[in-house]
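**Student:** Reassemble the complex: the two chains are provided individually, in unrelated frames, and hints are given to aid placement.
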Amino acid sequence: MSPFLATIRTSFRRQLTYRAANISGLLTNLMFAFFRASVLIALFNEREAVNGLTVQGAVTYAGLTQTLIGYLSFFHWFDMMQTVYDGQIGADLLRPLNFFTYWLGIDIGRAFGALLIRSLPLFLVFALFYNITLPGSFLQWLAFILSIFFALLISFSWRFMVNLAAFWTPNALGIGRFVFGMSWTFSGFFLPLALFPRWLAQFARLTPFGAGVYIPIEIFLGLITGKELLQGILIQVFWIILLLLLDQWILSRGVRKLVIQGG
Amino acid sequence: MIHALRLLARMYRVQIHSQLQYPLSFIMDLLSSALILGFFFVAFALTLTRFESIGGWTLGEVAFIWGITEFSFGTMDMVFSGFDYDSFGPIIRKGQFDQLLLRPANITLQVLGSRFVIRRLGRMAEGLLIFLFGLSRIQLDWSLLKILYVPLLSISQILFFGSLFIIGATTTFWTMERLEILNIFTYGGAEVMSYPMHIFPRPIRMIFTYLVPSIFLSYFPAVYLLGKPDPLNAPAFVSFLAPVIAMLMLWLALRFWRFGIRNYQSSGS
Numbered sequence: 001m002s003p004f005l006a007t008i009r010t011s012f013r014r015q016l017t018y019r020a021a022n023i024s025g026l027l028t029n030l031m032f033a034f035f036r037a038s039v040l041i042a043l044f045n046e047r048e049a050v051n052g053l054t055v056q057g058a059v060t061y062a063g064l065t066q067t068l069i070g071y072l073s074f075f076h077w078f079d080m081m082q083t084v085y086d087g088q089i090g091a092d093l094l095r096p097l098n099f100f101t102y103w104l105g106i107d108i109g110r111a112f113g114a115l116l117i118r119s120l121p122l123f124l125v126f127a128l129f130y131n132i133t134l135p136g137s138f139l140q141w142l143a144f145i146l147s148i149f150f151a152l153l154i155s156f157s158w159r160f161m162v163n164l165a166a167f168w169t170p171n172a173l174g175i176g177r178f179v180f181g182m183s184w185t186f187s188g189f190f191l192p193l194a195l196f197p198r199w200l201a202q203f204a205r206l207t208p209f210g211a212g213v214y215i216p217i218e219i220f221l222g223l224i225t226g227k228e229l230l231q232g233i234l235i236q237v238f239w240i241i242l243l244l245l246l247d248q249w250i251l252s253r254g255v256r257k258l259v260i261q262g263g
Numbered sequence: 001m002i003h004a005l006r007l008l009a010r011m012y013r014v015q016i017h018s019q020l021q022y023p024l025s026f027i028m029d030l031l032s033s034a035l036i037l038g039f040f041f042v043a044f045a046l047t048l049t050r051f052e053s054i055g056g057w058t059l060g061e062v063a064f065i066w067g068i069t070e071f072s073f074g075t076m077d078m079v080f081s082g083f084d085y086d087s088f089g090p091i092i093r094k095g096q097f098d099q100l101l102l103r104p105a106n107i108t109l110q111v112l113g114s115r116f117v118i119r120r121l122g123r124m125a126e127g128l129l130i131f132l133f134g135l136s137r138i139q140l141d142w143s144l145l146k147i148l149y150v151p152l153l154s155i156s157q158i159l160f161f162g163s164l165f166i167i168g169a170t171t172t173f174w175t176m177e178r179l180e181i182l183n184i185f186t187y188g189g190a191e192v193m194s195y196p197m198h199i200f201p202r203p204i205r206m207i208f209t210y211l212v213p214s215i216f217l218s219y220f221p222a223v224y225l226l227g228k229p230d231p232l233n234a235p236a237f238v239s240f241l242a243p244v245i246a247m248l249m250l251w252l253a254l255r256f257w258r259f260g261i262r263n264y265q266s267s268g269s
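Protein sequence lines correspond, in order, to chains A and B.
My numbering numbers the first residue of the first sequence as 1 and each following residue consecutively.
My numbering numbers the first residue of the second sequence as 1 and each following residue consecutively.
Chain B on its own, in the form it takes in the complex (with noise of 0.2 Å):
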């Protein structure tokens, strides 16, 4: 475990090392991913208040949660990119994953130290941004639960959308090359799970529900951490079952992880 955690940060700090190299490339990355997903939360805030609230939440409200989500999003995209499909299925592609199996350390391990992308911050300092923003404009019940809860809740969603990168990576196992509609559940979940859910229709709640469950992790823990009332009355405990959910998330993704490795076939070349 210590070994591994080692192995770990030794090959960030290549990472990082090598990321810094050109500081007015990474400089503009770095502002760049920050100004324009700052945009569209702009964009957004300036329409609202021409309508001054959407599906009965304010812009503070949407704000809070909004802004976990992004943090989160930015987070993950940080430590999890080496299962960045749109990069790995290159590896894949390459022949590049045959090397990775010959080395004497887990392949797991490998992969999450192959890309560490501290461009990254940018998005996850946004998103610290404007959920500061929404707690200077909402009046909340803070409770030592709730203190609690937010961190947790942030943590959850990592691990969460990092297991849709696990899986997004696995099906290039077999088919090579980057699968565009994996977006629709991390990069349009991560936009939905920035609303209140409440206002998509119902077979968009449904896929969010059953097949990919960002509901538990975004808009349920809001309800609770904002007193916001139901309109799809689910019951209380709902609200605290994104840990769970979490968790359960990573373990299928590393299984299907797993079986995704037994059965590689190099591509050849």
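Excised from the complex, chain A in its bound form (with noise of 0.2 Å):
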């Protein structure tokens, strides 16, 4: 098996040793969804439907940012930045695979680990309280699938990103916590996008946030179909290739000023 597969295999097993922590997350994702989609149904209130939004997939949408969020971690991640402070990089860094690399095995595993033990069952339960709405096609499924798995490329390699300026401060914890608040901000993750003023919500969705969390749920919720579809997976490949180009621009330029400490 290569080294990458091996990574990503036991980064999926040590996921699922979690066992506590993932269910105490999932009922507390599974909680927000609720809070979420109380809010949204009170909003709503007798009205059909706000810019294409119906109440059901708006419900969705509530029970959909919380399904993601385990397997996505878009806003929370330190991992890498630790091993910087506490040395442990200088052994990552002499793995018979690029560091990079090395860092996408461990989170694809953590992601996929989370998807089947947090993020699925969190879902299923959400439907038995709620009619949601579900895509109307195979191929809208198909879709939907692809760019939740560009999204979990786009969610790493940004958190990769800022994590790398851990290389350069002491205090990248402090820039992280920064950039994270921002980027949530722009996901969606709250309200829904499309309940916000057409201009913001535009934005917000060539944003790599928006790329990263709104744009699958557009698709889950067949608001998107088409061409407009095609448009959201270019977005998303567009953010994943710049991001990528970028870490690895960084990456080189941080492995060259690098201090190991400790050890």
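Everything labelled a hint here was simulated from the structure, so no lab data went into it.
Don't take each hint at face value.
As the list claims (entries may be wrong) - Take a look, some chain A residues computed to stay more than 10 Å from chain B by CB distance:
id, residue
1, Arg14
2, Gly25
3, Trp141
As the list claims (entries may be wrong) - Listed below are several chain B residues computed to face chain A (Cβ distance under 7 Å; list not exhaustive):
id, residue
4, Ala43
5, Ile54
6, Leu101
7, Thr108
8, Trp174
9, Met176
10, Glu180
11, Gly188
Quick reminder that beta carbons are idealized off the backbone N, C-alpha and C, glycines included.
**Tutor:** Listed below in structure tokens is the structure:
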């Protein structure tokens, strides 16, 4: 087995062993999904649809965002940064696979593990409580699955970049908190972007955060189809390529500068 | 008592001093929490203007209770962060709690003074702004009692949220790590308390009435302060229970905390 696949497998298994943490996270996300869904139902108050988004769609939205939190882990990730500070990175740089690829493998394993025991059960339970909107065709399912995989790549390469700040400053944690917070605001995690003023929604879905969170949901709910759907996927591909290139570039400069601490 | 306060002041001074060591990072932390949480409200406000009202409450009325809750939570998160179960868990796990127990000072006081997060000033300012925004948009029928009740309500909320943190920290004596599930009642509770709570379905309301009595610290007082009709038809006096419930929660939390300490077994590492 290639080192990359082995990394994914190990990380996947590790994620599955945190059983209590996963169940606890699942219940928390589920309750938050209920809170948000209740607020949306109260807001719609008898109204059928706003900007093409139905109440049922909005409720599904609340469930989906909470489902994706564990899998994408978009806004809270300081693992790589930690290894810079405690010196573990010295050993990681010597591994038989590229430093970026190594962390990508770790993250894919983590994400799939979370998907299996946290995200999927959450969505199934949520669906027991509410009428939800599901993709209507095989093609739509396929597009959704593709787009949440792309979303993971965007999420990871973005988080990796934020963590790279640790190569330069002893206080990358503060920078991380700031940047992650900013990205949270444009992701549509809190309320559906479709309910925002048009200009704000359009801007948000062009950012990597909107592309990572909102576009998959738009596809799932059938808010975008045909040409628009293709456009959405292309926005995602654009961000993946750009962020990957930036990561490689910053990493290569950072490694030259890195002073390994501790040991 | 005076000795205790002096000790606490000293611990806070050290904390403040160390947190201001990286001024740029401090300012970024301050701004980020204010901006991000502020955006939550802006996003909600923008959405609400599309729908006009939520559960019969206007934007100004929601901002009123949202602002108070936000301010109180921010203050609590600054003062009580020693009990923040996110950071208290590692203290237990690494055996650092044993060190505290060996010191010749009250253990509760030491934990309280062990962390004082001044970047929470950002969240407090944000809450205050939302509260003032709310005030500017509503015509309140002020009376002396109402003027006195608003700050009392905020203090009650601070103690209430603080109690939840103490309970959260105590659970880590047994679990050794933070229980994310507690976020439902702390962060989730604060979120639920920011809305007119009658909009939530009955099971959720029951949880936040009988299991964790959050509703007495936001919705019921707000019904009185804002003069709103109450679709839940609760008797009028429940609007004034906030300080009582808060004191009760604090008492229970501290009892649980002491019980936890008595039964504490070091992780041994």
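**Student:** Compare the structure with each hint and give your call.
**Tutor:** Against the structure, the hints come out as follows:
No beta-carbon of chain B is positioned within 10 Å of the beta-carbon of Arg14 (chain A); the least distance is around 15 Å. Under the 10 Å C-beta cut-off, the non-interface status given to Gly25 (chain A) relative to chain B is violated; the minimum distance is some 5 Å. Every CB of chain B lies more than 10 Å from the CB of Trp141 (chain A), the least distance being 29 Å, so the non-interface label holds. A cut of 7 Å between beta carbons decides the hint on Ala43 (chain B): the least distance to chain A is about 5 Å, and the hint holds.
Look at Ile54 (chain B): its Cβ gets to within about 5 Å of chain A, closer than 7 Å, so that hint holds up. A cut of 7 Å between beta carbons decides the hint on Leu101 (chain B): the least distance to chain A is about 27 Å, and the hint is violated. Hint on Thr108 (chain B) is violated. Least Cβ distance to chain A is approximately 26 Å, over the 7 Å limit. Hint status for Trp174 (chain B): violated, given a least beta-carbon distance of 12 Å to chain A, over 7 Å.
Annotation: interface hint on Met176 (chain B) violated; nearest CB of chain A at approximately 11 Å, more than 7 Å. Residue-level restraint check for Glu180 (chain B) holds (minimum Cβ-Cβ distance to chain A is 5 Å; threshold 7 Å). Because the smallest distance between the Cβ of Gly188 (chain B) and any Cβ of chain A comes to about 6 Å, under 7 Å, the interface hint for this residue holds.
Hint check: violations occur at hints 2, 6, 7, 8, 9; the rest are consistent with the structure.
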